[in-house]
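Going down the list, the sequences are from chains W and B. Once you know that position 22 of the first sequence is 22 in the numbering used here, the rest is easy, because the numbers rise by one and skip nothing. Once you know that position 95 of the second sequence is 95 in the numbering used here, the rest is easy, because the numbers rise by one and skip nothing.
Rather than coming from a laboratory, the hints here were simulated on the basis of the structure. There could be a bad hint or two in this list.
Claimed, not checked - Non-contacting residues of chain W with respect to chain B, defined by C-beta distances greater than 10 Å in every case (computed): (1) LYS2; (2) ASN3; (3) GLU11; (4) GLY24; (5) ARG37; (6) PHE38; (7) LEU54; (8) GLU57; (9) GLU58; (10) PRO61; (11) LYS62.
Said to hold, decoys possible - Rough simulated footprint, nothing fancy, chain B against chain W, three-plus residues with beta-carbon under 8 Å: (12) 26-32; (13) 39-47.
Beta carbons: idealized from backbone N, C-alpha and C, even for Gly.
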Amino acid sequence: MKNRIRVLRAERNWTQADLAERIGVSRNAVNSIENGRFDPSLPMAYRFSDVFGLPVEEIFPKEKGR
Amino acid sequence: MPKSGQAWAKGHSSRWVVILLVASFLLGVVTVALFKSGRIGLEGLGYSGFATFLLSTVAMFPYWRSLDEPSREAHKFAVFWGLGWAFAIVTALGMELMFFSGLRDFVQGWIEGWIAFNGGILGEQQGAVGFYLGILATSFLLGAGYVLVWIGWWARQRMGTKAD
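Next up, chain B with everything else stripped away, as it sits in the complex (with noise of 0.2 Å):
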């Protein structure tokens, strides 16, 4: 039987996510042992953060070719409706972080707390940390529009459809 490179590929795909999140799961508990023993400082936080994004860009291709057809249309739709929806929701939320002092009390009140409960390591540079905390917010609400969609497109593929 003739076998095509994503045939070769097929079944693999999950292997390089499952690879992928392990890995990074145990950077991230190393470093923050380290980081709250005091071994490192914020720069090692940094350096595993960006080990992370090394780790899973290289991981993203041979998780694409492994990836058939219809795998890859979703993902494509799910760059298009999920991102394209978030981005939007994120901006119109600031709008109203910017417009609205109520929603400003709530969050400047939430990351102070954040700050307070890291027992000020993080705190010292105020400015940088809300800086921080809006891109790693912002990160996970376009993450989320972008799985929710993923989701929903494999949902609709599958809803009302005969396998054997």
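Excised from the complex, chain W in its bound form (with noise of 0.2 Å):
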């Protein structure tokens, strides 16, 4: 899944630590999320959406179709 984390993250001059710190996961677990390798689930987008106090829509754009 498309996301715009590592922007977000360049903007707010946060590492994967301090995010993951934030989220309350692994360093890994931000690694794998913002790489694509994973797809979080809906509550973890949440804590996303709640961090970077945007909507999820805005880190998780949808892609064209989906």
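Dock chain to chain to rebuild the complex, using the hints, since each chain is given by itself in its own frame.
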């Protein structure tokens, strides 16, 4: 699944570890999600939304044709 | 910063595994030493194994709680594909054992050698020992399948990914 986590993180000068701490998961988990290797559940997507202060669809934009 | 239950537990998952492994190892060393010195019999070995089983079962709860979403996904994936394939292989091996005399003779020789190696202590009831060895071998193969797929899942997660 496409996501803008890397960009949003860079805007805030957060490392993956910083974001992981805020979300409450391991750094590996953030790395996997950021690189599109793991699709988070809806509750976790909402945690990203809370942490970034953005709607879920702005963090995980809908891909064309899906 | 808000802390969820998983956040609290994050970083503790490996601690539970280490505690379990060390405790099981120490229990195994003490039990084998007591068995070899003749202070406990076969029942003692059985109780020790049962204690390890109980310890593992109890440790699974905090361990599972301490895992985050991808870590749990890795275990689910390993159960389905690792245990699934390992079970198929174990079944095929069992069939081979039944129908191919060459393999049957090899296994029979191996079991007899194992019993002889253990000084005949376990050999009083060779059928029971063979059954026990079969369970051990099955558990080992199932565990190996699980661990291999689990490692593969994580390796795939890390391949070509950028970290900072």
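Right, here's what the structure says about each hint:
no.: 1; hint: LYS2; verdict: holds (15 Å)
no.: 2; hint: ASN3; verdict: holds (13 Å)
no.: 3; hint: GLU11; verdict: holds (14 Å)
no.: 4; hint: GLY24; verdict: violated (3 Å)
no.: 5; hint: ARG37; verdict: violated (5 Å)
no.: 6; hint: PHE38; verdict: violated (5 Å)
no.: 7; hint: LEU54; verdict: holds (17 Å)
no.: 8; hint: GLU57; verdict: holds (20 Å)
no.: 9; hint: GLU58; verdict: holds (21 Å)
no.: 10; hint: PRO61; verdict: holds (20 Å)
no.: 11; hint: LYS62; verdict: holds (21 Å)
no.: 12; hint: 26-32; verdict: holds (count 6)
no.: 13; hint: 39-47; verdict: holds (count 4)
Comparing the model with each numbered hint stated earlier shows that hints 4, 5, 6 do not hold.
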